[in-house]
Amino acid sequence: MEFEPRIVGFLCNWCSYAGADLAGTSRLSYPPNIRIIRVPCSGRVDPMLAMKAFLEGADGVIVLGCHPGDCHYSEGNYHARRRLHLFHRLLELFGLEKERFRLDWVSASEGVRFAEVVAGFTEQVRRLGPRVRPEDILERQR
Amino acid sequence: MSVTDDLRRIARELLESGRVTRVIGYEEGRRGQVRPLVARTVEEAGRLLFDERCARNLALYLLDFKPQGEEEPPAVAVVLKPCDARALNVLVLENQVRREKVYVLGVACPGIPGKPACASCTERIPPTFDLLLGKPEPPPAPAGPDDLSRLLALSPEERRRFWAEQFRRCIRCYACRQVCPMCYCEVCIAEKLDPPWESIAIAPSENEFYHVLRAYHLIGRCIECGECERVCPMGIPVFLYQRYLAEEVRQTFGFRAGMDAETPAPFMTFRKEELEDLP
Amino acid sequence: MIAQPMPQRRLSKEELLAWVERLLRERSVIAPVRSGERTFLQEISAPSEVDLEVGRPVNSLKEFLFPATETLFRLRRGKRAVRMELPEVGRLQVLFLVRPCDAAALTSMDALFLGEPADFYWGERRKNTALVGLACLAVPTPECFCTTVGGSPIGTANMDVILYAQDGGYVAEALTERGEALLSLAGGAAMEQPFVPQAPELPPFPCPPIEDWQRVFDDDYWQRLGERCLGCKICTYNCPTCYCFDIRDRGTGGRVERLRAWDACTSKHYSIEASGHDPRPTRGARLRNRFCHKYFYFPWRYGGTLLCTGCGRCVAQCPVNIDLTEVLEEVAVRARKGEEARQG
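Residue numbers (this note's numbering), protein chains in the order written: chain A, 1 to 142; chain B, 143 to 421; chain C, 422 to 765.
Any given hint could be a false lead.
Heads up, simulated BS3-like pairs for lysine-lysine below, C-alpha to C-alpha not over 25 Å straight-line [to be verified]:
(1) Lys98/A x Lys52/A
(2) Lys689/C x Lys208/B
(3) Lys208/B x Lys243/B
(4) Lys689/C x Lys52/A
(5) Lys52/A x Lys277/B
(6) Lys334/B x Lys689/C
(7) Lys208/B x Lys334/B
(8) Lys257/B x Lys243/B
Some chain C residues close to chain B (C-beta under 8 Å, calculated; not the full set) [to be verified]:
(9) Leu623
(10) Pro625
(11) Asn659
Computed footprint of chain B on chain A, listed as stretches where at least three residues anywhere in the stretch have a Cβ under 8 Å from a Cβ of chain B [stated by the list, open to error]:
(12) 22-35
(13) 78-91
(14) 95-107
(15) 125-136
To be clear, the hints were calculated from the coordinates, so they are not data collected in a lab. Glycine included, C-beta positions come from ideal geometry on N, C-alpha and C.
Go ahead and model the full structure; you've got the sequences and the hints to work with.
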């Protein structure tokens with residue numbers, strides 16, 4: 001059976017979640033692997049939420065917010081940008097496959113773009129395979 | 143007069159005059175070690191000392207003197223090395239400590255033998271002090287390739303294996319967190335239950351979560367004293383990830399935590415035009 | 422007790438390692454392993470991993486009988502019923518080269534875990550665990566104080582076999598039937614003259630009786646000690662006799678597992694109650710509780726057995742030099758002062 005990645009998506013209420021809605025009402029197709037969690041703003045997303053998702057078995061986590069300059073709360077996505085950029089560096093240091101975590105921008109009118117971004121990310125994670133836990137790595141070494 | 147003699151004299155004066163109610167410093171411990179002392183009396187002040195064994199970051203103990211309700215917090219004096227004083231600045235910036243309630247007995251630091259942080263440290267004088275003890279000496283020559291460069295030279299696979307080994311060894315005693323002045327959350331996310339962030343299991347996955355948490359929550363706040371690594375009973379190189387991220391913050395934002403108590407940390411601010419190559 | 426004990430046997434270093442090889446074929450072997458400047462007790466896969474020069478490993482043997490985390494049971498909701506699954510517990514294992522202080526810890530741990538109602542998980546592991554001890558003919562570390570708490574550097578309590586390092590090799594002696602069975606897998610030659618070990622001297626410290634601990638309960642010594650305590654869990658987790666644990670369920674939907682994991686009374690919210698009240702709100706109160714548990718409450722409850730074997734780990738590993746031997750001295754002195762004040 002082909003591996004079906006489990007993707008968790010944190011979508012901001014004002015832009016990307018609406019964009020996802022638009023993709024739906026436009027009958028656009030995108031992989032069903034993503035489980036969407038609606039948040040008020042991408043700035044609300046603590047990277048530890050992504051770690052929690054990984055701990056619970058997610059293979060990939062994507063955060064989608066408004067384009068810089070268009071945040072409903074003016075600044076939230078600027079903070080998200082800084083945090084998640086440094087979180088990527090952190091993942092790199094720990095060898096934790098930073099390709100499993102992505103931050104991107106999707107506006108309320110970008111239904112097509114939403115479908116494309118999700119499809120692209122799902123494929124990327126599918127190619128990476130299931131996320132390996134430290135226990136699995138240690139088990140392999142025996 | 144040695145630093146220790148000056149320190150004792152000044153501590154006695156501060157306590158006698160009532161300028162402070164406590165002097166936080168180091169004293170001779172058992173078995174050739176030094177240990178923290180919260181001196182209350184003139185007699186106890188006579189036990190204070192400072193020498194090259196004084197590694198612990200005493201800014202940590204300032205958190206025990208936070209205001210309770212409407213009360214004014216007590217005035218305390220504290221012996222701080224340059225790295226320790228950076229911690230004080232961060233605590234002041236984050237409104238955990240009132241600077242005017244702390245009398246800083248700064249020490250010009252000779253470096254502590256065996257402390258990993260000292261190999262790359264260039265601070266000789268605390269960035270904040272009320273009185274400076276000792277004579278500043280020029281910083282040491284920069285060290286050669288070290289553990290961090292070796293780690294970064296590994297492939298991502300090898301790096302993940304390296305950390306998996308460390309997470310197997312970790313027992314989540316939380317000593318690294320408890321010794322850090324910047325970890326002052328009332329309930330740490332690693333221990334928050336109802337609802338749980340991570341489970342109570344002491345196991346590699348949960349340990350990974352905890353170390354990533356420690357690394358992430360110290361971004362832009364770690365003052366690189368390296369005590370986290372020194373206290374680990376299992377020999378896990380936790381300072382590696384703090385040092386790496388502090389360097390990233392320096393390179394990306396030109397910011398070093400604790401050099402003063404006013405400049406906002408990177409996660410407190412932003413610029414409209416930056417990091418445009420995301421995602 | 423053995424009816425006709427086997428004579429002592431002499432093993433060379435090579436014969437000892439060959440014995441480990443044979444043990445590995447049918448059991449898990451846990452032995453001290455060197456890693457950088459430290460030695461840890463851990464499972465080995467080859468005799469070459471064993472650190473024969475072991476002083477005192479950083480961790481104790483506790484985790485091999487009482488793991489840091491274990492699943493007590495799993496629950497699975499099916500269509501018509503809820504199924505409970507017990508994990509497999511208690512594979513055959515040998516704890517190799519354990520020091521007398523670590524082996525002695527099992528006395529108090531057995532009193533706790535095997536008392537009514539007996540703990541199934543400890544019981545199963547205990548049944549399937551053999552101990553091969555290494556006597557301390559020289560004091561291994563400066564922090565050792567086993568004699569203070571009634572132990573001995575050449576003690577054999579809870580061991581199946583004891584080894585004495587002698588003349589570049591070892592003298593091995595079986596102490597139980599299981600030990601005889603294990604030793605029969607080793608080579609070596611029977612000793613003609615029995616080897617009689619001499620216990621080295623350890624620095625003496627007072628061991629205050631329960632009454633002393635009662636007397637100093639309200640002394641401000643505990644608050645002063647708590648001032649420098651970090652509130653970490655190093656002393657508790659590496660102690661061979663500390664046994665505090667937490668139990669929590671993990672999982673959702675139709676699959677839940679009940680976990681038991683180590684906890685420490687030294688940590689901040691250990692005693693917090695549902696109302697939000699905390700009977701031990703300060704680090705000093707928590708330290709006092711930990712020491713009193715070991716030297717006052719446990720012996721009071723368990724017929725005099727102390728919850729400490731003098732291994733010295735807490736003394737060596739505390740980042741702020743909280744030294745149990747100093748605490749013992751302070752308690753003895755302050756109890757004396759209190760007594761004199763009352764009588765004066």
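How the hints compare with the structure:
no.	hint	verdict
1	Lys98/A x Lys52/A	15 Å, holds
2	Lys689/C x Lys208/B	16 Å, holds
3	Lys208/B x Lys243/B	10 Å, holds
4	Lys689/C x Lys52/A	24 Å, holds
5	Lys52/A x Lys277/B	49 Å, violated
6	Lys334/B x Lys689/C	12 Å, holds
7	Lys208/B x Lys334/B	23 Å, holds
8	Lys257/B x Lys243/B	30 Å, violated
9	Leu623	14 Å, violated
10	Pro625	15 Å, violated
11	Asn659	6 Å, holds
12	22-35	violated (count 0)
13	78-91	holds (count 11)
14	95-107	holds (count 6)
15	125-136	holds (count 4)
Figure legend: structure checked against the earlier numbered hints; hints not met, in rising order: 5, 8, 9, 10 and 12.
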